[in-house]
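The listed protein sequences derive, respectively, from chains A and B. Residue numbering for the first sequence follows the working numbering, beginning at 311 and increasing consecutively. Residue numbering for the second sequence follows the working numbering, beginning at 643 and increasing consecutively.
Hint data in this document are derived by calculation from the structure and do not stem from the laboratory. You can trust all of the hints, since none of them are fake.
Below, in silico cross-link-like pairs of lysine to any residue (SDA-like), each with a Cα-Cα straight-line distance of 20 Å or less:
| hint | chain 1 | residue 1 | chain 2 | residue 2 |
| --- | --- | --- | --- | --- |
| 1 | A | K350 | B | S863 |
| 2 | A | K385 | A | N365 |
| 3 | A | K385 | B | V763 |
| 4 | A | K585 | B | P689 |
| 5 | B | K824 | B | L730 |
| 6 | A | K350 | B | Q705 |
| 7 | A | K620 | B | S863 |
| 8 | A | K589 | B | A682 |
| 9 | A | K350 | B | R712 |
| 10 | A | K413 | A | A616 |
| 11 | A | K634 | A | Q349 |
| 12 | A | K385 | B | L858 |
| 13 | A | K385 | B | I769 |
| 14 | B | K758 | B | I787 |
| 15 | A | K385 | B | P768 |
| 16 | A | K484 | B | S687 |
| 17 | A | K585 | B | A682 |
| 18 | A | K385 | B | D780 |
| 19 | A | K521 | A | E738 |
| 20 | A | K619 | A | A332 |
| 21 | A | K405 | B | I767 |
| 22 | A | K350 | B | A699 |
Label pairs and their computed distance ranges (CB to CB):
| hint | chain 1 | residue 1 | chain 2 | residue 2 | range |
| --- | --- | --- | --- | --- | --- |
| 23 | B | D709 | A | K541 | 42 to 50 Å |
| 24 | A | H354 | B | L715 | 24 to 32 Å |
| 25 | B | R910 | A | G645 | 53 to 61 Å |
| 26 | A | Q726 | B | D695 | 46 to 54 Å |
| 27 | A | N580 | B | A895 | 29 to 37 Å |
| 28 | B | K748 | A | S410 | 56 to 64 Å |
| 29 | B | V722 | A | P425 | 52 to 60 Å |
| 30 | B | L698 | A | K521 | 53 to 61 Å |
| 31 | B | V658 | A | P546 | 26 to 34 Å |
| 32 | B | P762 | A | D517 | 33 to 41 Å |
| 33 | A | Q729 | B | S738 | 55 to 63 Å |
Simulated coverage check for chain B against chain A, where a stretch passes if three residues somewhere in it have a Cβ under 8 Å from a Cβ of chain A:
| hint | stretch |
| --- | --- |
| 34 | 683-697 |
| 35 | 867-876 |
Quick caveat, the model's predicted, so the values are computed rather than measured. Ideal placement from N, C-alpha and C gives every residue a C-beta, glycine not left out.
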Amino acid sequence: MRSALSLTGAAVAALLGTSVHAETISIATVNNGDMIRMQKLAGHFTAAHPDITLNWVTLEENVLRQRVTTDIATKGGQYDVMTIGTYEVPIWGAKKWLLSLDKLGPTYDADDLLPSIRSGLTIDGTLYAAPFYGESSMVMYRKDLFEKAGLTMPEAPSWSFIADAARKITDKSKEIYGICLRGKAGWGENMAFLSAMANSYGARWFDMGWKPQFNTDPWKQTITTYLGLMKDAGPPGASSNGFNENLALFQTGKCGMWIDATVAASFVTNPAESKVADKVGFALAPDNGLGKRSNWLWAWTLAVPAGSKKAEAAKTFIAWATSKEYIALVAKEEGWANVPPGTRSSLYANPQYQQAAPFAQMTLKSIQAADPKHPTVEEVPYTGVQYAAIPEFQGIGTAVGQVFSAALAGQMTAEQALQSAQALTTREMTKAGYIK
Amino acid sequence: MARAVSTRRKLVVTVVAWTVGLLIFFPILWTALTSFKTEAEAIASPPSFLAFDWTLANYAEVQSRSDYFRHFLNSVIISVGSTLIGLLVAVPAAWSMAFVPGRRTKDVLMWMLSTKMLPPVGVLIPIYLLFRDAGLLDSRIGLVIVLTLINLPIIVWMLFTYFREIPAEILEAARMDGADFKSEILHVLLPMAVPGIASTLLLNVILAWNEAFWTLNLSASQSAPLTAFIAGYSSPEGLFYAKLSAASTMAVAPILILGWFSQKQLVRGLTFGAVK
Numbered sequence: 311m312r313s314a315l316s317l318t319g320a321a322v323a324a325l326l327g328t329s330v331h332a333e334t335i336s337i338a339t340v341n342n343g344d345m346i347r348m349q350k351l352a353g354h355f356t357a358a359h360p361d362i363t364l365n366w367v368t369l370e371e372n373v374l375r376q377r378v379t380t381d382i383a384t385k386g387g388q389y390d391v392m393t394i395g396t397y398e399v400p401i402w403g404a405k406k407w408l409l410s411l412d413k414l415g416p417t418y419d420a421d422d423l424l425p426s427i428r429s430g431l432t433i434d435g436t437l438y439a440a441p442f443y444g445e446s447s448m449v450m451y452r453k454d455l456f457e458k459a460g461l462t463m464p465e466a467p468s469w470s471f472i473a474d475a476a477r478k479i480t481d482k483s484k485e486i487y488g489i490c491l492r493g494k495a496g497w498g499e500n501m502a503f504l505s506a507m508a509n510s511y512g513a514r515w516f517d518m519g520w521k522p523q524f525n526t527d528p529w530k531q532t533i534t535t536y537l538g539l540m541k542d543a544g545p546p547g548a549s550s551n552g553f554n555e556n557l558a559l560f561q562t563g564k565c566g567m568w569i570d571a572t573v574a575a576s577f578v579t580n581p582a583e584s585k586v587a588d589k590v591g592f593a594l595a596p597d598n599g600l601g602k603r604s605n606w607l608w609a610w611t612l613a614v615p616a617g618s619k620k621a622e623a624a625k626t627f628i629a630w631a632t633s634k635e636y637i638a639l640v641a642k643e644e645g646w647a648n649v650p651p652g653t654r655s656s657l658y659a660n661p662q663y664q665q666a667a668p669f670a671q672m673t674l675k676s677i678q679a680a681d682p683k684h685p686t687v688e689e690v691p692y693t694g695v696q697y698a699a700i701p702e703f704q705g706i707g708t709a710v711g712q713v714f715s716a717a718l719a720g721q722m723t724a725e726q727a728l729q730s731a732q733a734l735t736t737r738e739m740t741k742a743g744y745i746k
Numbered sequence: 643m644a645r646a647v648s649t650r651r652k653l654v655v656t657v658v659a660w661t662v663g664l665l666i667f668f669p670i671l672w673t674a675l676t677s678f679k680t681e682a683e684a685i686a687s688p689p690s691f692l693a694f695d696w697t698l699a700n701y702a703e704v705q706s707r708s709d710y711f712r713h714f715l716n717s718v719i720i721s722v723g724s725t726l727i728g729l730l731v732a733v734p735a736a737w738s739m740a741f742v743p744g745r746r747t748k749d750v751l752m753w754m755l756s757t758k759m760l761p762p763v764g765v766l767i768p769i770y771l772l773f774r775d776a777g778l779l780d781s782r783i784g785l786v787i788v789l790t791l792i793n794l795p796i797i798v799w800m801l802f803t804y805f806r807e808i809p810a811e812i813l814e815a816a817r818m819d820g821a822d823f824k825s826e827i828l829h830v831l832l833p834m835a836v837p838g839i840a841s842t843l844l845l846n847v848i849l850a851w852n853e854a855f856w857t858l859n860l861s862a863s864q865s866a867p868l869t870a871f872i873a874g875y876s877s878p879e880g881l882f883y884a885k886l887s888a889a890s891t892m893a894v895a896p897i898l899i900l901g902w903f904s905q906k907q908l909v910r911g912l913t914f915g916a917v918k
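Go ahead and model the full structure; you've got the sequences and the hints to work with.
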């Protein structure tokens, strides 16, 4: 009887002990394939860490950004792990809104992280976010259409080659457009593409005194080339096309080339989704011989807000989700083609991954070709390849994107669009105190 | 001749009504159809209307990824709760404005309506801070409070309009017969205003059900309603239109069914007093 009582007591104590130490962490994340996969595999984490329970909040990218920005700025404390991009990390890290992730455990091989990605997440020597997956941009093209036109895509094409090829491939009577590029207005939509393209023409958003540079020749060349190319070889209604619209066009065989995120490679080569899966080739984003290519750099990262009361549990989860072991787990459960790309050097040295993902080396080269700390030909005061990591950029970038989208829709000329972009950016930067 | 004109007119009106009705309903129908397609079929050009391989896979995946019933329950509690509390406050307010108007009643009504003209994002941060300090973030109570407040002007305005159609003499007669304030409202006014109250209730349940700004910004995991459920399936980087359509169909189905069954009451209430 006594032993039964003591056994019951021990069980109750054990249960109480568990409940005292059990922690529930809230994870805010975006809805994309890699994140959904992480959610699906999270059972492996909770099995290894029974003292941690996970609460998921999955939202569309723009909703998530608004939601987590409000929460972290007001110290709302709703989330313990936030999925944020490389745009937010330098701003929030500098404000000390994020906790340092320098110590993610002895087995967490931080030196394995790709240097260009890691440097974008490091402020004053401190890592503020761990990359979950990274991406750059590259050219995806139809090998069959190139062959038919007697063209050979170089591994590192120039803009003049791309423009010539796009015009040669175009056959509007058969609804085949030489090139599909983003036209939908938004700092993360057309301006991601146009800012990266402008870098390759030697343009920059601001000079060292934060003065906008849309009145310079490199920007004029960028916009003139873009508008001319889209007029001659782009699909109709391109001013409404973002990633998804162009993906649908490419997958249904209507684009000869598409310059966009490297993550698209897995979609367009998937026979279940793409009509042209076996006809796709890859090349680096084009350049103009000025030392900068027109590819961007982005990573979705996991970070812990400074207000989190469960920081240790949150860090334990991040260490798991961004580890080499997690990549191996995804490979085991879902195949190598589905592992989150663009974060670790070891992945690109793995022959199994190279075999499963024919776009792997091109993705790696594209990521390595981007340098968020030195994104432009001339010196700039900001970090970021396709954005300037300042809080005002979202608003300014979207307003400028609307002007360039209007020019693509034929509502204004390139000259007028550049003048308008210069005026509105100057006004906002003066209002924000960057220009004295 | 007169009968022929009348028949032709009836035919034209019927055709126009059906055309308008189908045009309005088409996006919902298309969403429902897309939810039964594969992702490849969802973006096919030209799109297929009915001749595709019907699948329930999207519904299965949505259900396996998200807890639909928790989101549904939150939506029911938030929309019904905020509407009932709103009615409780609005009935006496509308009564006083309709039957005992003061010099400033019209100004008060306009002021109440003007609060609907403020873009919600303008007060997001102050309300977020208030909710944070009151511990109301990610709580159903918090969402019920905020939706009650934002829909209150509409409830008051609708009830005020209905109450004004009721002759004040009937209420006076009730008072002369000895009815106190409570009896006057409960036993005289409310039975006469049932169609108006029912349509106000239904309309506000629909408004609260569809409200996306506050429900997305003030909820996280515990109180998230169906608006957050849908937001989890939209993605700017990836074509998941079929899954998004399945999630949308699941989110709008309950309110569509409610609207279908209560349409007579809704139309009767909305046209109450329109023709004298």
